[in-house]
Amino acid sequence: MFSEEKTEEYTATKNACKLCTPLGASLVFKGIQGAVPLLHGSQGCSTYIRRYLISHFKEPIDIACSNFAEDTAIFGGGANLRIALENILLQYAPEMVGIATTCLSETIGDDVPMFIREFKEMHRGEEMPPLVHISTPSYQGTHMQGFHGAVRATVEALATDQGADDRKANDQKANEKTRVNLFPGMLSPEDLRHLREILTDFGLGFTLLPDYSETLDGPLWTEYQRIPAGGTTVDAIGRTGSAAGSLEFGRVLAAEKNTAGKFLEKEFGVKCHSLGLPIGIGETDRFFKTLEFITGMPTPPRYAEARGRLTDALVDGHKYVSRVKAAVFGEEDLVVGIVSFLSEIGVIPVLCASGGRSGHMVGKIAEIIPDYENKGIRILEDADFVDIEAAAEEVKPDLFIGNSKGYTSARRLNAPLIRIGFPVHDRINGGRLLHVGYAGAQRLFDRIANTVIGKRQDDSSWGYTYM
Amino acid sequence: MTSIPILREREGQIYQKGREPFKMSCGKHSLAGSVSQRACVFCGSRVVLYPIADALHLIHGPIGCAAYTWDIRGALSSGPTLHRYSFSTDLREKDVIFGGEKKLYSALCQLIDAHQPKAAFVYSTCIVGIIGDDVEAVCKKVAKEKGIPVLPVHSEGFKGTKKDGYQAACDALFKLVGEGPTEAVSPCSINILGEFNIGGEAWMIRDYYKRMGVEVVSVMTGDGRVDDVRRSHGAALNVVQCSGAMTFLAEMMKERFGTPYIRVSYFGLEDQSKALYDVAAHFSDHPEIMAKTREIVREEISAVYPELQRIKPDLEGKRAAIYVGGAFKAFSLIKALRYLGMDVVLAGSQTGNEADYEMLRDMCDDGTVILDDANPLELSKYIIEKKADLFIGGVKERPIAFKMGIGFCDHNHERKIPLAGYEGMLNFAREVHATVTSPVWKFAPKAVIS
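Chains as they are written, first to last, in our numbering: chain L, 14 to 480; chain U, 4 to 453.
Hints in this document: simulated from the structure, not taken from any laboratory. All values reported here derive from a predicted model rather than from experimental measurement. Cβ atoms here follow ideal geometry from the backbone N, Cα and C, with glycine treated the same way. Each hint should be verified, as a subset may be incorrect.
[Claimed, not checked] Just so you have them, the derived chain U footprint on chain L, three or more residues with Cβ under 8 Å:
no., stretch
1, 52-58
2, 70-80
3, 92-102
4, 221-235
Construct the entire structure; sequences and hints are all you get.
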């Protein structure tokens, strides 16, 4: 046990614990300054994905579409892509267009790179923003493949080694800021803001890709922002080839051959540091150690202080959470990150599940909890919520930790759900959830401990008011 | 300010009343790159069939289409809740290459065995249309083996607009109609079409008709049951709400079974009352029905009237923008907003036809912007220009309103409270009041309009 592969006797996916690839790609493009995502395919894909993202981020999310009709599906999408690009350039004046395909355009075999070349040829002599293309057939992988694929495709399209020589020369100059790349994976805007703060406090220059911390969590407007302010600039992505190093989060991602960080290492010699999502103390320590290594400076005192307060809180609360059983679900790397944190505080992640099917999650969890089988921990890959609920009925978790889509299961099993990750469709703070760093671990710990305490208090006959 | 350019190809779909000549260009495929608020054929089918609670709904395609439509609607059931599951064949790469028929067959058989549904709907998504799976043949085979209707829904996303999805759903439903026994059906009986029981609306409306002495044979598809649909041809009258969704079925039933139909709306006091009176008038040889209807309308209005009167002064003169799926809903909303003392400054729909837009033109005041198949840029532009205080739309419109610092009311299928019927009008008024009069807007920076 316990990687439970689907057998030949096929049954349907019931209440998926994953989304399709173009969603992940769209999210990445929303984190690039001046970029407009364009889905090459049917109107429904862009509308459904917009709707889904809007319900989580509660922000306007404009995603264009090349609007296939029946004849497009027969004769190919070249003309539609051209019209779509022209209208986007006219209406949005973008600094970049991120073009992601859908299963429809992929299956009819549209040659999007050729369409883009033709489009550029037609508009030769005109100023043209970069048109970045990623192939995202939704029958390959999940939204996470779309997400990481779009990061990689953008870097591949835009990164140059210009400035690499300058960098070497600058290395000699003590006053030059060290610049790093950070590929954080699919985190919340609040996470991205916290990561920016940390890098800034280390005195680092950085390219955080993607960075939707402002574009998908911004203030009110007086007029509609065709493209919300913020995001990684195209220039900064161009400079990723000359950075002092790359940090790439995700233990599962690290098992993949082809990532943005690995591409930069191979092409431009930019060293790639693969780390887990910095959720919990151990993974955050590793993140800070890497930053210390790159910058040659110690961790700024405020983080050591935050770590100190956090460990103090873990001691104060350890008995309440000790041996509490949790079911954790969501994207593979998020699950691995949460498992790492839970194993630090004495919570047993009795059920770890993801709709992802990279094949790496079991191994990564085993790295954290080598005797997971003896502990009765069940790990489900390529799972849906009916699988998760069935497994939960057996292992009887005290609480669920994951996105909103687990609510119905948690409700049926009468266990509280601690909402993290994506999507959070039934609360208003999806964009403001903090998972990473010592501050993220602090908030997670407080929520978990207080949820357990609250449940015991509610379940007690006398509703105590003092612990 | 409002420097947003309007795409030339879209100029014929934007009209300000008073600037003749009026000739709305509509019913067109959405313009590529325009960021339309519309969805697709599959969406249309899914909306209509979703509330049938004792049927299996299996989406044949890669995971996205199923994931994005999992339990997002507020359609309630008084019994089974099979509709709230999201089943998908979740096609992978090798299925796309070798075809998905085997997988579809296996998934259908297993799901039917596990859930014992009364019928199964199989939705074809974009890719199934391309790889050419013979969905009809698989459905036929499974129907024979399992002894329940297994109905293909031809809802490939690219094959038209959401409206074509309504038609595909109606085609599938029509295969059930006429299959059940009708001996016990009363001569004073109706079907309710185009009502999806959002937040329990169908229950309220059913109850009004029941109190009038009219039997409701089936609601299509709110709190829907397969057996009710099968005997729905026994009803004397089809009462169709919403111009787009289920008129197709009403037409088909009229042709095959001679069932007449009327069109109604359940939104707002005026339209709700008319919906009851029109049915009573149809059964004019039973004058007691009309008498009871008058009583019910009086009773229901008196129940909500005092609070509506208390709410109205705060809303007097406030300006509203409406952008909804079907134009028919916009008509009712204009009346309901006027009742509350509000002015409508923008009215648009995703799927209106020429007659709908002419009706809108006739109903609206001079200067009102009328839009077909709009996008966020256009909607926000006119909201600002027309100084709207309220936007009524769905989930995709909500952040547009909120970002621009104005109130919002969700009048789409995702909402969880009933806005139909008399009680619904009160809910609507309360929601509009809560959002328009909220103190939070004083923190919103206001646009300076030159």
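Hints that the structure is at odds with (numbers, increasing):
none
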